[in-house]
Each structure stands twice: as structure tokens, then as C-alpha cells.
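Chains as they are written, first to last, in our numbering: chain S, 153 to 398; chain C, 153 to 398; chain V, 153 to 398; chain P, 153 to 398; chain H, 153 to 398; chain D, 153 to 398.
None of these hints come from the bench; they were simulated from the model. Remember, it's a predicted structure, so these values are computed and weren't measured experimentally. One or more hints might be untrue.
Stated by the list, open to error - Computed list of lysine to aspartate or glutamate pairs in EDC-like fashion (alpha-carbon distance at most 20 Å, straight line):
1. P:Lys290 with C:Glu370
2. S:Lys213 with S:Glu325
3. V:Lys312 with P:Glu370
4. V:Lys290 with D:Glu193
5. V:Lys290 with D:Glu201
6. H:Lys312 with C:Glu370
7. C:Lys312 with P:Asp318
8. V:Lys312 with S:Glu371
9. D:Lys213 with D:Glu201
10. H:Lys312 with S:Asp263
11. V:Lys312 with V:Glu233
Protein chains: 6
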Amino acid sequence: MADILVFGAHPDDAEFGMGASMVKFARSGASIAVCVLTRGEAGTFGTAEQREAEMRAAAEKLGGELEILSYRDCQIFDTYEARIRLAEVVRKFRPRIIFAPYHTNHSYHKDGAAHPDHAATGTIVRSAARYARFSGLKDAAGEPWNAEHILYYMVPRTRKPTLLNDVTPFMGEWESIARCHTSQMSLRDGKVLEGLRRFREAYGNLLGVGYAEGFIVEEPLVFDLSLFMSSSSQPGGVAHRPAGTA
Amino acid sequence: MADILVFGAHPDDAEFGMGASMVKFARSGASIAVCVLTRGEAGTFGTAEQREAEMRAAAEKLGGELEILSYRDCQIFDTYEARIRLAEVVRKFRPRIIFAPYHTNHSYHKDGAAHPDHAATGTIVRSAARYARFSGLKDAAGEPWNAEHILYYMVPRTRKPTLLNDVTPFMGEWESIARCHTSQMSLRDGKVLEGLRRFREAYGNLLGVGYAEGFIVEEPLVFDLSLFMSSSSQPGGVAHRPAGTA
Amino acid sequence: MADILVFGAHPDDAEFGMGASMVKFARSGASIAVCVLTRGEAGTFGTAEQREAEMRAAAEKLGGELEILSYRDCQIFDTYEARIRLAEVVRKFRPRIIFAPYHTNHSYHKDGAAHPDHAATGTIVRSAARYARFSGLKDAAGEPWNAEHILYYMVPRTRKPTLLNDVTPFMGEWESIARCHTSQMSLRDGKVLEGLRRFREAYGNLLGVGYAEGFIVEEPLVFDLSLFMSSSSQPGGVAHRPAGTA
Amino acid sequence: MADILVFGAHPDDAEFGMGASMVKFARSGASIAVCVLTRGEAGTFGTAEQREAEMRAAAEKLGGELEILSYRDCQIFDTYEARIRLAEVVRKFRPRIIFAPYHTNHSYHKDGAAHPDHAATGTIVRSAARYARFSGLKDAAGEPWNAEHILYYMVPRTRKPTLLNDVTPFMGEWESIARCHTSQMSLRDGKVLEGLRRFREAYGNLLGVGYAEGFIVEEPLVFDLSLFMSSSSQPGGVAHRPAGTA
Amino acid sequence: MADILVFGAHPDDAEFGMGASMVKFARSGASIAVCVLTRGEAGTFGTAEQREAEMRAAAEKLGGELEILSYRDCQIFDTYEARIRLAEVVRKFRPRIIFAPYHTNHSYHKDGAAHPDHAATGTIVRSAARYARFSGLKDAAGEPWNAEHILYYMVPRTRKPTLLNDVTPFMGEWESIARCHTSQMSLRDGKVLEGLRRFREAYGNLLGVGYAEGFIVEEPLVFDLSLFMSSSSQPGGVAHRPAGTA
Amino acid sequence: MADILVFGAHPDDAEFGMGASMVKFARSGASIAVCVLTRGEAGTFGTAEQREAEMRAAAEKLGGELEILSYRDCQIFDTYEARIRLAEVVRKFRPRIIFAPYHTNHSYHKDGAAHPDHAATGTIVRSAARYARFSGLKDAAGEPWNAEHILYYMVPRTRKPTLLNDVTPFMGEWESIARCHTSQMSLRDGKVLEGLRRFREAYGNLLGVGYAEGFIVEEPLVFDLSLFMSSSSQPGGVAHRPAGTA
């Protein structure tokens, strides 16, 4: 059982992609499980064994459960078998919210976030969440479970996020967890965390806070007046911000 | 002062377009003001005087304030004067949330919701809300005010709403308020309310409730975990719904 | 041989999705064949045997031919084998018009119409119709056949239909045929037909008639002046319809 | 009275943009009126007087009525006055179908079809057709008239036309009418007609005929089975066409 | 005469929006003119006089010409007069390339870059560049001039830039020029330049360099093989970059 | 080793789709390799043997290398095996630029360019180019290679090309190479080359030259001032081009 179930294709996807939100959720009392489909053995740095140890360390630091599946790095495809396997994970953890990488990304081949494994994972999860609730689908072990929400992280650069999560107070703890993926710290000439921080700054800028993580929700959201009433409407005086400010 | 400020082009736009949400907001304790730009004198039924009386009756029943401007029906255009005038209304009511008809609608000429006055009103409001907070903008009377949120109603048919508001318990009170627009009850061969109800059923269907009203928000929303945690995830068993179900 | 060939993934897709149009076509003298890819055995209600009997009853009532393929529910994927198999069905019936569920639907996981089998069926049909006309494609049995048109039903909520078919006079007969799918009548707490009717009302509303079914055509249509000349242009007098009317 | 009313911004817009369709409509017995908003006096070639004479010659050859308004070339804007003036033209001719240049075109500044007057004309017509039916709109002279259809010509390059009109048999007569705009024949180094012909070839290619003109319709079209049944489905044998064929 | 003509609505738009590119262009020998439509007198900080002095200082530091027009801050609208006035500026400077703020931006009212003056300026420039080449358009003073290219800066957040300009070596000089707008340095709690730098970092990240500025071009670009041949293809070894990296 | 590597699904895809650009590249000194996935044996005309001979003749005439893979016509799917196989081709030729058919095309089933093999090839190449640079990906033979650019040909009709390549001087040589595909000359009633020429005329028209080929690039391009400075800005005098000109 977990309130929140986060799927990732590679060992660092969840922590690098939405790790500060995971910290924030955990610190607010939510239980979290992370399901990683591969051991990332096709990466430049780190063996399957090292990377498994790293993700275990990260999950422990977060305080979440970890489920590692046996897919091969660079070989994630949307098949019936994969939909069933992931539906079983959904049925096992019975989450309220499922997170997955966004299911569609046509970005150019140099964009790291557009790895085909990422989009494939999002595509499978979308069907697996549906299959998990079908009582007539006997191929999937476990009791049917209807998770109400799917939220997507790894927002493509050409999409505006639906939701921005202010993670400013959790950036320190996030960095400590992200550093568990020791083998990956040499990526981008050792500046991998700097890049990830800059990325959260840009979303924070959109929200008017220090750091934020972005998500796409494709379901219409339920209107909750309090979301808007508690906000920071206030006497004006702010001139139009300078042109070109992100 | 009002928590919520709803702009409409014609006397019935607010009540017909998002009236049940207005009832719901009011019943939850929010103060509401409605600002109507014209007296709807170019409509088929009702004189300017009748329609003014009708909107006053509706506002009274709702328990909201009413501000009637002096624009002419079918003559709403995005001008500097209009932006300033509406900014003054914003500065007067100092709302947390502003509602306006959606600012863009290319729908075909037979679609009632695509009246050019509607889109023009949304376009003006978008700039007026910005201008209202500029302390350097002396042409607009009143103290600068920075309303944090603009939400749009009158969602075009080709757009998916961002937010759906469950208004099922408020449909009775809504109908009673909508009926204040007596002169308009002959529209669509007397079936105007039936059409409006059917419209809310369709959005309710999307949300899994009886009746809902839809809104578009163009700002990324602030992530609030409780929105998703309080939801209805549950044991499954629901087969795939029949094809073609709305 | 059939003038019209309708593909569906599950036993009720064709009747629930565009059944009233099928009645209308049949009553105007067109011959119709329905090809169903699975027996819907993963649904909550009904066994494969029951559902096969139900679709046979529906086809008989409609007066159409029925071809049942051997794909498994929830396991429809776009493969070469499937393209060839469906091309053979096209070659067998030699239709003028092919109907299929729309091939792309990213809607959220709770939307029944967005079952992955539906989009997969549309995707396969799009290639199968092309393959059916290749005389060099020996893997597919039958004589090459070039069906001129593909029309899609199960229009995603975020798409505007290209064509609306007025089915008002055929709703009674449609309901009688839809009820042949007895095992599915418990869906949505027994309100499945009510939902399907409401869905047709919403499209009818767009067209100004009681009930309509919507279709997407991706080919540019041939201009036929009579389509527009026989229409209901008339003296005006209709005021702008109320805001928010669907 | 006219079955068909075509609006153009400049003297040659209607003939150059959809002239072969106008010939086809006229030869099938429809009555046609053309309303031109300006005399094209800001063009490189031809004075206002010459161009007026040219459009009169073209209208006579076509056998249609001609209404010339007094807007200035390069100065067409969407104003209340213009909406009312064009609504009066609609009320005068009481057409079944209205044609106008497409209302939105962000194409780059070198694209001739993207002249701001063209999009402005389409924008005004969209509102004018609506205003023409409002009986409460006393500013517009004439009896209210509800024209059922608006079709757009001058399809932007980035849009797929909704309808293609086979005009192959009418290209000769079209050219003869287009040549009435004598002053414009020096455009594009004298190759203006060649460009217009090539343009119709490209659309013809899409339809599988010699020459076609394209149109956008934004209203869902009424389904008419005969449109699809009379088509050219036939034994196959056509291999996949070569890649890159338009 | 100027190779490059940059239009801005407010005194700091050009420098804040694409200033580092202007430095780069100037340092490569191109002549630059900046045309500013208003004195920014509705801003929170700085009077019209101060801001005029600031933009003169910035232009001098850049080494470009400066043309200040007499439009009022917050009052820029697409009118015939404005198209003509800007066409005259085009005819005066006879540029090869025109830069303007992007012409369409529906972003929410809190996004500084989405000031209605910005989009209005882009819209006017698009028509003005066209009008400048019409020899028949006598209302605009000056000899007709056909500027081949319009490029847009102030790329909306929801659009991917077409072109990214590496400005890393010019950031120091850019900052020195941007600081000429002294009165605006208090914006965003004094962090205005930091925000603008972060913005360029994000685009630099896309390009794999330190800092970049983004542009939209709506004309298809001319293919130049050397653009691609001189690039950095090289032996691989770079693993997939971490998920979530911008 | 090759500067440029062009992937095609069928023997004639490269020559028919972007052959004149290949000639232009070759004549400017670039080395070119063409990799064809199938022998086109499912086409109406020509056996696998004939078509192989034809593509060899075309490659020889062009002066490029040719790599023929063993996929089956109509059976190209995005699999791990295919990604690896194509990555090996990338590693073998170590190109600076990769060309592939555009990866997404929902066009209707009668559009030759929308053959599912074409989009599948583009999809595979997009991943293969990425996989080719992963040093951790041992399944692919050869040394890792990071090709900097992917450009797409076979632009769908509903997309605007990013780049247009003026191929006017190379049309003669192109036709001579295209004619090497002798078996395909009977396509479209023998008018296949005429169709391909017309297609290039339409793009040429966009660029203001005789003939052009279009490409899509999904990566933001590097800004190069000289691209725009060498252009044809000039004294005006060109009136607005006639409406409807392509």
C-alpha cells in the first residue's frame, strides 16, 4: 500500500525528474512507492549492480518503498505483457495517485528527457492504470484497484505544465537524495545537479518562488475554491515586468 | 470589495454561463460582484430596461453586488478606454479571482457562445486585470490592485476545460436565479434552460457527477496534494465503459 | 460484399458508438457488414459466449453481416499480421466506406472511449485499408480492393467532429438494437443507454436537431453545392443564443 | 437576392481566389453576387477607376451581381460600422451560402495571400453574418436574414482544406474571367495566372483530378451518405504512390 | 540605413529581450537601428524623461541608431496610422532584417512578457513591413523598401524557438548595456538582471552553450548545408542525459 | 564514412523524396550514403531483384554509397532490433547529418507519402541516432557516434517545412537519377515524375525560386546572421500578390 506510486524507466528518473516533490509529499505524511522498470545498464556510467544499490540508497533516504522490475534499458515497449506487469504493481500498492513520465515527446534526439524509454513508460502506465481496475482481466495478479489520478512528470519543453509544485524548502534534502546516484554524477561534465537545479529555477520563476517542479494532468481537475482564495492577491504597484523575463 | 468578480458582456452571460458556480461560491461564504458591460438591447427579446431589471433581480437573489457599464450590445471592442474602465472596476472590487468569458473563439457563426462580444470581453479583461495593478497607470481611477487569478468561463467547444466544478446540489437555486431573465425564456423555442441544463450534464458526465460547469485557466496551477489525496480511488471492478459514452 | 464496413474492437463498439447511423444507412438501402475484433471477454460483465450471442442478435436486428475475428480483449496491437488480417476483411466485403474508431486518443485513463483497443483498431484499419489495395501484397488473401473512404467514429472529446449525422428518427430502433447487448446494460449503474443518448443529444444540439452522431474524416471532402443549397437559410429574428448553451 | 454571396477585399480576390468555383456554381444554375470592399487603389498596378471597370467586366462575364463598397485598400479593420455595413449586404442579397477569405493567417509578410485586408474581411464577415440575423439590431438596414453557411476561401498554407471543389472543366472559362483584371496581369513578372493555375493543380492533385479549389468550413457538416456512396471505390492494384508525391 | 532594425514597445524591450544578440550583431560589423514606440511612462519606475535618457545611453553604448516614436505606454493598437508610421521607419532605415516582439501571446496576465503592447507591436510590424514595399501606398513617406526577413523575439513560453543565438561571449557587454536602464533595476526586488540571465541560461542549455537568445521565424528558412556541416558531430560516449534535465 | 546519411523505407524513397537535394549536396563536395530498409517487393511494379538493381544504378549515378537492409516491404515496425540495426548503420557511416522520412503522418489512407513504412522508418531513425552514441549500448556493433543533426524529408501536407532547399539547377540531373527506378515509371498512369516535379514547384513557389525541396528540423537551429544578411532585401514596388496565389 502506498498513497503515491511513481514509475520511472531508469534508476534515477524519479529522483532526477520529480524528487523534490517526492520529498515534499513524504514530509507531509504521504507514503510513497517507486517502481523502476530497468537497472539502467545501457548508461555510460555505472553497472546494473551499482545502479541498483544507488536506487536502494535513494529510496531509503526518501523513506519510500522500491519495486524494481526486470525490463532492459533501451528496450521498453508498450506490450500487453508490460501493461499487465505494471497493472500488477498498481494492484499491489493500491495508490491514490500514480506518477509517470509524460507519454509523448517528439523532441529532437539530443534532448535527454526525450529518451524513448521515458515516453514508452508513460504510455504503458496509462494503459496499466486502466487495466488494473478491470475485474475481468484475469491475467493480472492481484485485486482490482482503481487509482483515481495519473499525473505526468518530465514535461516536454514544448508543453506548458498544468501544475507547478513549489519545492523551495525541500531542495537541500532533494540534492542529498539525488546524490545517491553516485555513478551518474559525472554526467554533463559533472554538472548534472547544476542542470537539474537550473531546470527547477526556471519553473520556480513561472510560479514566483525559488524552485518548482512541473506536472501535466490530462484529466480536467476538480474546482476547489480554496485553491484560489488563499492566494496572494494584493495591492498592486508592480509595473509590467521587463520584456524577455522568463 | 468582493472575493470574486465576474464579468459578462450581456445581462444573462454570468448566470447562464457559470451561475451555478456563483451560487456555490456564495453559499460557501464568498462575496461576489458581477459586472455587466451592456444592457443587451440588441437581443431579440427584452428592452434595455427590462433586461436591467432582470439582472438586478438575479443579483439580488444571488446575494451579489452588480455593476452595470454603459457599453452597447454588439459593440464591445478591445480599446484603451475599455481596458481602463474595466481596470477601474477591478480596482473598486479588489477581487481575489476574476472570471471572464474565454478570450478566443473561432467557432462558426451559428454558435451562440461565440458572439464576438463574449471574446472581446475576455480580451479586455485580460488586459484590464494587468493594467489594474500598474501604479504608473494614472488614467485608471482607484488604488492599484493585483488580482492573482483569472479564470475563464464559456469554454469553446473545441477546448477541454482545465477545471470542472461540481454544481449538482446547486442546480435548483441556479435555475431559480436564471429564470430572473424572464425575457430570455422564449429563446430556443422556450427550451433555453433545458439546453443550459443539458450542457451542465455533459460536463458532469466528464467528472462523474450530475452537473458541472467548466473553466479554463491559462496560468499553471499550484500543486496541492490534498486535491488528489481526498479523491475516490477505490477497489476496481468497473469494466471499460461502453464506447461512445460521453 | 457490403456498401459499408464497420470495424469495432469489442462486441458493442459499433452499436454503442455509431449504431443509429448504421440503422439510418441500412434503412436507406445500404448493405452493412460489421467486423468485431474481440469477444470482449475482459469486460466486467458477460462471457465471451454471451457477448458473441449478443452481437449476433444485434447484427440480425440491424440486418447486417457480422464477421468476428479472434483477437483477445485488451490485446489489440498494430502488427503486420493484424494489418493483413483486416485487409483480408476489406477485400472480402469490398466496401465503399470503412468506419473505424478514431486512431488517436490521449484522453485520461478514466475515459471509457479512450480504451487502448479502440485507438489500436483505428490505427490498424488505416493501414489495412491501404494494404488491401496493394496487388503486390500477396500475404493478404483475396482480390485487391480500393475502398475510397475511411470515416472515424468515437470522436475524442477534444476534437470537433467533421460530420454530424442527424439520427433523430432512428433513435428508437437504435435503442432496441443496443439493448441486444444485454450483459452490458448493468454498466454505469444501469444507466449506460441514458449516457449514450445524452451523448447524441449533445451532438444533436450542435446541429440543431434532436440527436446526432459525430464522425471525423481526415481526407478533404469533395465539394457538393447541393449540400449547402438545400439548407435552412431563412429570415432571421433569432437573437444571439444564451451564453453557455452547448 | 442571390444563392451565393462572395466577399472579397480587393477587386481580384474573388476571381483569383475561388473564381473557377464561381463559374461552376453559376453554370449549375446558382445565382451569385460578389461584394468587393475596396477598389484596390494601393496596388502597384491599376488605378481605382481601372480596377472598378475590370471587376465590372469580370462580374458581367460571370453573370453575377456586383456590390462595391467604399473601404480603402490596406485600411480594412473589424469595426462595428463595418460589421453593420456587411450585415446590410447580407440582408440585401439573402444568400444561402456566404464565402469570405479565411479569417486568420499568421503567414509571413511575403505571402501574398496573407494581406491583412484579407483576414480582416473574413473576420468582419463572420460577425456580419451573425448580426444580419439579429432582429434586435436596428442599426443595420434591411430585413433580418439567417444565412446558414459560411465557407472560407484563401486557405492558409498551413491549413488543410475541409472541402476541395473539382473545377477541371471550368478552368478555361475561369481564365477568361480572371484576365478581365488586365492591370494585374503584370504581377509576378507576368506569370500571375500561371501561379494561380499551379495552385489549383496542387489541390487537384490532392483530390485526384486536374484542378481544384480549396475551402475551409468551421461548422460540422451534415452527413450525407450519397456523398460517399457515389465515389470511386474499385478493384485495387495501385501500389503505394511514390514517396514525396504531393 | 541599417542592416538590422529592432522594434520595441517600451524603452527596455530591445535590450532586455534580445540585447546580447544586438551586441553580437554589432560586433560582427552589422549596423543596427532601434525603434521604440513609447517612452514607457506607465511603468512603476522612471519618468518618460528618465527612460528616454536611459534608452539613448543604451543605444550609444551599443553603437546603434535610435528612433523614438510618440505612442503612449499601454496604448499600442494595430491601426492603419500605426502601420503607416512604422512602414515609414522601415523605409527610412532600409533594413535587411527586422526584429519585433512575437505577435501573439495568450499567456496569463501575470507574465511580464505578455504585455499587450508587445504583441500589438509585433502585429503592427508584420503589416508595416509589407506596406513598406507597396509602391502604390502613397500615405507612407519614403521610397518603397522590401525587407526580406522578419524575426521575432520575446518567444512565448509555450512556443519552441526556431533559432537560438549563442551569445555567451557577449553577456558582459550585454549586462553593461542593460544597466543603462537604471530606473528599471529595482524591478523584481532588484533581481531583474538575474532573471534575464537565467532566461538566457535556459536557452543556452537547449543549445549546449552557456547563454543563448531565442527567436521565432515564420518564413521557411533557406537550406544552407554549411550550417549543418560545420557542426559538432563526434565520437559518442555520452549516455542518455538524466531525466528532467532542461 | 559519409557526411550525409539518408534513410529510406523503399528503394525510391530517397531519390523521389529528396533526390535533388542529394545531387546538390554531392555536387558541393559532400559524401553521401543511402540506407534503404526494404527492396520494395510489395509494390505493384517491379520485383525485389529489379528494384535492387534500380537503386544500385541510382546510387552510382549520384555517386553515393548504398546500404541495403533486409526488412520486408510493409513490415517496418519500431522494435529494439531495428533501432540497434540502424544504429549500426549510423556507427558505420559516422555522418554529420542524418535524413529520414518524417516520423508522424496521420494523413488519410490515399496519400502515398503517408505509407506506414515511412513514418516507422523516421521513428526508428530518431531512436537509432540516439542509441548510436550510447557507449554503454553493447548490442550495437561499431564505435559510438554522435551525429549532430537529424533532418526529415517527406513533409506531411499539413506541416509547414522548416527549411526549403533551392534545387532549381539540379532538376535535370535529379530526373536522370529518378528515372533509374524504371519499374516505377508506370505509377500514376506514367505521370509519376510529373507529379514529383509539380510538388517541387509548389515549394519553389514558397521560396520564390523554380524548384525546392522541403525539410522539417525539430531541433532549434543555430542562428547564423549571414543566412539573413546575404538575402534579397531590395527596393520595393511589388504590390501585394494576388489573393490565392500559392
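Hints and how they fare:
1. P:Lys290 with C:Glu370: Given pair lysine 290 of chain P, glutamate 370 of chain C is violated - Cα atoms ~37 Å apart, limit 20 Å.
2. S:Lys213 with S:Glu325: Holds. Lysine 213 of chain S to glutamate 325 of chain S sits at ~9 Å (cutoff 20 Å).
3. V:Lys312 with P:Glu370: With a Cα-Cα distance of about 9 Å, the restraint between lysine 312 of chain V and glutamate 370 of chain P holds, given a limit of 20 Å.
4. V:Lys290 with D:Glu193: The given pair, whose Cα atoms are some 10 Å apart, holds under the 20 Å limit.
5. V:Lys290 with D:Glu201: 17 Å, holds
6. H:Lys312 with C:Glu370: 18 Å, holds
7. C:Lys312 with P:Asp318: 36 Å, violated
8. V:Lys312 with S:Glu371: Roughly 18 Å between the alpha carbons, so the hint for lysine 312 of chain V and glutamate 371 of chain S holds.
9. D:Lys213 with D:Glu201: Roughly 19 Å separates the two Cα atoms, so the pair holds.
10. H:Lys312 with S:Asp263: Between lysine 312 of chain H and aspartate 263 of chain S the Cα gap is close to 13 Å, so the pair holds against 20 Å.
11. V:Lys312 with V:Glu233: At roughly 32 Å apart (the allowed maximum being 20 Å), glutamate 233 of chain V and lysine 312 of chain V break the hint.
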